[in-house]
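Keeping their order, the protein sequence lines are chains A and B. Position 517 of the first sequence, counted from 1, bears residue number 529 in our numbering, the numbering being contiguous throughout. Position 79 of the second sequence, counted from 1, bears residue number 91 in our numbering, the numbering being contiguous throughout.
Treat the hints as calculated values from the structure; they're not laboratory data. Some hints here could point you the wrong way.
Between beta-carbon pairs, the in silico distance windows are [what the hints assert, rightly or not]:
| # | chain 1 | residue 1 | chain 2 | residue 2 | range |
| --- | --- | --- | --- | --- | --- |
| 1 | A | I339 | B | G48 | 37 to 43 Å |
| 2 | A | E43 | B | D155 | 33 to 39 Å |
| 3 | A | R374 | B | G48 | 29 to 35 Å |
| 4 | A | E49 | B | Q103 | 55 to 61 Å |
| 5 | B | D114 | A | E21 | 57 to 63 Å |
All figures in this text were calculated on a predicted structure; none of them were measured in a lab. We put the CB at the ideal spot given by N, CA and C, even for glycine.
Below are the chains, spelled out letter by letter.
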Amino acid sequence: MDTMAAIRETFFQECEEQLAELEVGLNAMDEGVADSETVNAVFRAVHSIKGGAGAFKLDRLVRFAHTFETSLDLIRSDQLATSPAVIRTMLRSADLLADLVKASRSDHPVDETRVDAQIAELKALSENAKEAPPAATAGGGEAEGLDFQPLLLAIDDLGPPESQTARYAIKLIPAPDLYRKGNETVRLLRELSRMGDFRVECDTQHVPALDALDPEGAYLSWRVELTTAEDEAAIHELFEFVVDDCELEIVVDRAGGAPQASAPAAVAPIAPSFVAPAFASPIASAPAEAPETIEPIESLAPATAVEPEKAKTEAAKPEAAVSAATIRVDLERVDRLINLVGELVINQAMLSQRVLEAGLARSSSVAAGLGALEQLTREIQEGVMAIRAQPVKPLFQRMSRIVRELTDATGKIVRLRTEGEATEVDRTVIERLADPLTHMIRNAVDHGVERPEVREAAGKPAQGEVKLSAAHRSGRIVIEVSDDGAGINRQRVREIAIKKELIAPDAQLTDGEIDNLLFMPGFSTAQTVSNISGRGVGMDVVKRSIQALGGRITIASRPGQGSIFSMSLPLTLAVLDGMVVKVADQTLVVPLTAIVETLRPKAGDVHALGVNARVISDRGGFAPLIDVGQELGYRRDAADPVGSVVLVVETEVSTRCALVVDAIHDQRQVVIKSLEANYRQVPGIAAATILGDGRVALILDIDTFVARTNRSATAQEPLLAAVG
Amino acid sequence: MTEANIAAGEPREFVAFRIGVQEFCIDIMSVREIRGWTPATALPHAPAYVRGVINLRGSVLPIVDLAERLGFAQADASARQVIIVVQVGAQIIGLLVDAVSDILTLTTENIQATPDVASDFVKSFVRGILAIDGRMIGVIELDGVMSTEMEAAA
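Chain B on its own, in the form it takes in the complex (with noise of 0.2 Å):
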């Protein structure tokens, strides 16, 4: 998921979904599915951005509301809303998110780094923005998605 293990030049493919009126992408490497909206169990003195936890063929999944960890305001979760299935690492979690919109084949070169307008906070997670058809696209690095915020909320 690193810069690193993609050879430049080479494309690859990304999972392409909106939140709100925002446009982020994802690896494809990393999707595991794509499953629609479930209802979560809440988990006590979770960050707010875990929605809770959904039963995927036995085990348990986090849900990380993708809205609410960018900072948007936090729709209510609705059927409409879908899960992207992802895997970080060793764990696998649910990234919770509007509409997938697209699938991209693009190389390392379409990826600019994130503008400096951008706060810390979320260049943590967004690794760059591509330009496509007009379009705004931002590339999140998974991550950051969980990463030591949750520690610290704990």
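If we strip away everything but chain A, and leave its shape as in the complex, we get (with noise of 0.2 Å):
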């Protein structure tokens, strides 16, 4: 359950940023310098917490969140002007979307009425922009309708009647006499419960020490909320045979305004929430021991006979706690950090360096104290690369909620398998790929897994499966979504974005061309426009998010086979397995990933290749060799294999090369330094970092080395490579 809370968690967060986007978006609009970008985006927010609410069946939001976004569409669709009481609109509708997100987050009860008003004002703006321009629902019109109809059914629960409800504050005081009396405060209570939205407050601030307490006194007060269609009258006649024994005051909060108070629903038959402020006296500290207390005294003073176990749940859970779990911070701090840290630790090791130099004995206090403190900054070191590095695991796990819903929501039936869930990947990464994910997930199951029969029919078994992994692979982070479903429709794809002129009808495209059509703004192969997708904003939206992070992304598909996303995305700041090797007086750091084995090549594994070419053999086969302090420059003749050590890599193309360096050093994790922030991007090179001497160590990038190394091969030795 911890993770499914975690998972609920980021979604929450995620909605905040998406909200001030939202916000941010209407208020170009509002003050005229959008662009159709900035409508996009104001949707694309929209629709992303729709999408996450209904995954975690927030029905409520779900429900707000499309007819928000359907009035949005028609903006989009330029079907609805921004006219500034449209825009007026929307921003009240963000607002009430952001407190539907706060109130599903923190399981507080919604305003019903305030809802379905605005859901009333939303509709009745789309009705109008339908209703004016006839012309303009021609191309579209059938998908609109489609998208309308569903909408009808929240006019049923178009909330309590448009009677005149009236909000009240009623403060309680009951003297002592009351409850002498024979009178009960909790029946009276529970009287003013059933009259309509209610909620209660218990005052404990006057409860005495337990040696003082009176068991016939009465210390309790309380304050109530209360909305009502009932008049003020009713309640005066509720308390009609109590008032003389109470200080009683009723005060109209907002008479026929929109009531503010919890919806009727959610509030249990007799529900005194009680908030109880810290006591007064000091027998109870710790909110814990709230119940233990507050039991002998209801034994001895009637007026709390309302059940301690509400009591002590409500108590115990804060307001605040709901939102403290966790912090943001801004990413820039974290690194800010990062590097701090990472100089203290350099630091302290040349200061352990100078202790010895300066022949202190290592049983010296110095000595020791230095011990410990590189113990310290080890632990800080890992503590804040925590921090950054995260295993995809919780994003993967999001996504499982997610088939898992849309297994229901659409009746096939599809299995998730992830794989290499403990992949690190930069925290950024992560947050970023959250939305890009969950569209091409949705994707895959909405579009490419067909339905059970249809998949029997071409004798595949029932059950589809979507394949998610991620792996490092020389120096890039992979992503994959495949499915074994039906594979990308060509013709229709085809079809589609010739109707949608997004090419020409007599454009010559080859399949990888056509795939590729789908991450064009607009595109959609959804038949019918539902809540999971198909609005357009899928592919183009994966394309974008992948690219701001700097990342590609690339489809495969058979016909009858399925589809495979492939996402690879670069490392920026992602912490990387790597083996140092030195070569002609150079440190070098190659992802341990990539790496196959390493060898010590004796005389006879080493044959020459042309002119300057060189193989060695392994495992059978052979695998060209490259002098990486030549390739790079540092020497200018390739050094003996014979007594260097090679190191066996593989592509991401499967393609074996021996890469020869003079001697390996260490094997550790490297925090992953950019050279492009200060310089540019140097080939055959993924990044930099920074060793525990202080000096900047290259990452080897090996697909580009390598790449580099044929190229540069080709042009050297025409012969050879015809050979080849």
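Bring the two chains, given one by one in their own frames, into a single complex with the hints.
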């Protein structure tokens, strides 16, 4: 259940970002400085919230977000003009959406009448838009109709009757006589709760210490918030018999206005919730003790006749605790911290070196102190690094939840298989991958996997499979979403692209080019607009998000066998397991994931091929030998592989190469530092890192390194290239 | 760093430094710090004037050998050389020079145009010339130091 809570928490955190974006976008529209991209961004924000809310069955949120989204969609397709009035409605809707998110997060009840009023307002807008330009609906009319139809359901719960409701603030301070006369406050409160939307707070401030407590005294008082259609007289009537034995204060809070209080549905028949302020007396200091202290009081003073259980749960859950579990920290601050800690480690290492050089004995107190310091700095470093790099597991778990939810909604049988959950990815990557990944998973289930009967007809098992995998591959993180569905229907994709005027009708496209049409803005193959996917925001959002992360996305699809969406993301700040090697007095880091094995070749293993090329026999095959020092320009002539160390590496395209280095120093985790930030990309180099001695070491990018070597080899040795 | 944001007549401070026997200076506003020479990690496929990269409190800082950049003979880097850490746009780079000699306060009127004898190459990053006490100091335009040629060399 803990992971579930964590996933939910992440969703709400993201909601906050989406809501912020929504507001920025709407404000821009309000100021008239918005372009179509702003409208898209606003739409996407609401769409994402809706998507996530659906996964957590936050139906109220989904229902409202869907209506909101529909109206935004009209704006997006220019069917609804963005007049100031419309924008105001949108901004109000955004506020309500934020409130709903907040309410869902803290499990607080939502004011249904407000939601319904807003939904009605949005619908009125949509309807006006539809009536006004009937010509505009000619193109997408069918889809719009489908879109709109299910919304009508929402009208059913158009809330309580529009009678005059009012909110009352009632203060009840019973005198001891009230109880002596056989009255009970709990009955009064219960009656009140039946009148409408009811919320009560018990004031325990005046409960004295146990030894000063009069068993027949009245120490508790209540504050009641009541939203009811009944008039004030009815409330007074209720207190008719006790009015002389208590202090009663009934204030009409806001007559006729939209009531703010909680929805009746969410309140238990008798649920006077206690928010117990800190006890003035020394009886109870910790909230956990509260029930124990309340119980004896209850037996003495009948005034507290409300279940102590309620008091316990309510008192133990102060409002603030809801959001205090995590804090969001600017990533830049974390980066700064990581850099500083890195420096600390390096300085500490240098200091230790100096102490040794100064001839201080290892047993001296200085050396001992330094040892402790070293331990501490390492722990700090580990702790700080842990903030940044995180396994993709929670992200993947969210996806399996989405698949489950989709299976329920679509009637398809789909299983999600995950691989490489422990792969550590930079926090930024994880955070920003959630949305595109959700879209891709949704697409895979919604468009990729076929219905069970179709699958069986095609000779496949009824249960479809969506696979989600993550791996470090030669300095990048590769995340793949694959399904065993029908593959991309290229004919249909083409037709749609022509219909939507994304391509010319006579365009000659390769399969790959057709597949890539999916990434075009506004493209959607969904036959119906549903809650799940298919508003044409999916894939272009995905592509843009991936590109914003400096990544690439590719599709591979085979008809009848399924599709693979492969995202390759840079490591930026991820932690990398690397082998620290020495080449011509330079220190390099080779990503461990690329290394298949390390060898110390004997003379008989190395063979010359052509003029300059050499190969090494490796497991029955031959791998080309590449002298790393020579290739990077650290030395003119290649070192003798015999006596050197050879790293057999595998590239992304699964070709094997043998890299000649002078020596292996170490195998360790290194922090990746961007070279581009202050310089530029260097071919063959993925990034840099800072080693324990404070020097910068470069991290080899196996793929580009090998590709580059091959290119230069082809240029130099045309003869060999012809042979190969 | 461009003349546009230097109000005419308003005095500005410049850091003057030596490369060989010649003197140059840069606007003090772009100087982040001055530090001693530390061995740099060589970068493959880099132009000759990029000496490599060093660790500046956790970030990777490329070092430009200004002597080499200006086409002077390259002297072996030594502990006596200093690195002027400067901000160029969004990037931070280190300029390797022989010594920091002075801090000058002057106005834009003090700057004379680079004489025509200089090649276009030099003109691309020497913005002008200062004449002070019989010394001639070239004003370095930082935007040109790591510019286009670097892309071409890639």
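So, going through the hints one by one against the coordinates:
At about 40 Å, the CB distance of A:I339 to B:G48 agrees with the hint of 37 to 43 Å. Taking the beta carbon of each, A:E43 and B:D155 are about 35 Å apart, inside 33 to 39 Å as hinted. Distance hint check: the CB atoms of A:R374 and B:G48 are about 30 Å apart, consistent with the given range 29 to 35 Å. Between A:E49 and B:Q103 the C-beta distance comes to about 28 Å, which lies outside the given range of 55 to 61 Å.
One distance hint, 57 to 63 Å for the beta-carbon pair B:D114 and A:E21, holds here, with the actual separation near 58 Å.
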